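Chemist: Sequence:
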Amino acid sequence: QAYVELKLPVSAVAAMSHISTIEFVERLPRIDVALLTCSGGEIERLEAMAAVDAAKGKGAVLDTMTAWTAHHLGVLPALKAWFGQLILPRSSVDEILEIRGKSEMSRGRESMTVSFEGDQAVREIHPADRGDKVIALIDAALDDIRANCEVAPNDGSDDVELKLERIGWFRS
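Once you know that position 162 of the sequence shown is 171 in the numbering used here, the rest is easy, because the numbers rise by one and skip nothing.
The set of hints was computed from the structure by calculation and includes no laboratory data. Careful, some of the hints might be misleading.
[As the list claims (entries may be wrong)] The calculated lysine-lysine pairs, modelled on DSS-like cross-linking and capped at a C-alpha distance of 27 Å, are: (1) Lys142 / Lys111; (2) Lys89 / Lys65; (3) Lys67 / Lys89.
Just so you know, these numbers come straight off a predicted model, no measurement behind them.
Make the full structure from the sequences, and use the hints.
Modeler: And the structure:
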């Protein structure tokens, strides 16, 4: 609800919900909510292209969702070639490792998840080999991320404190 109504960043809402950014974004289609992105209008595209051109060779800092998406699109090497150094906070790698750890629990056995569609609980049964497939996918992502990004320490804070008067500062 905070994501849709207040247009808060995905990472802030995920942290407030005590789930990973990746898990939060992957749940959006199941609850019929679109991931908010830029509009892609001409002015916005021209500004983005100018910013990317100006940043060539100057390095870039990625967040969890950007690194995850860039891996799945196969563009991490291209981003590294363009920007030079790519930096990813250690907390992003930890977040991915936490998802991997959850998959370890269901490795080799059938498992079940329960989610909600509106007020209706929905049960989903996962086959025994799902855990191995998810772990392989995550391991490939981590290998790609580690090969193309410098993992840097951050302050370690997972606590999100939002001051209501600053909500308008966030832009989607």
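Chemist: Each hint should be assessed against the structure and marked as holding or not.
Modeler: Here's how the hints hold up against the structure:
1. Distance restraint check for Lys142 and Lys111: the Cα-Cα separation of roughly 13 Å lies within the 27 Å cut-off, and the hinted pair is therefore satisfied.
2. For the given pair, Lys89 sits about 10 Å from Lys65 by alpha-carbon distance, which is consistent with the 27 Å threshold.
3. Straight-line distance between C-alpha atoms of Lys67 and Lys89 comes to about 10 Å, which keeps the hinted pair within the 27 Å bound.
Going through the hint list in order, the structure satisfies each hint without exception.
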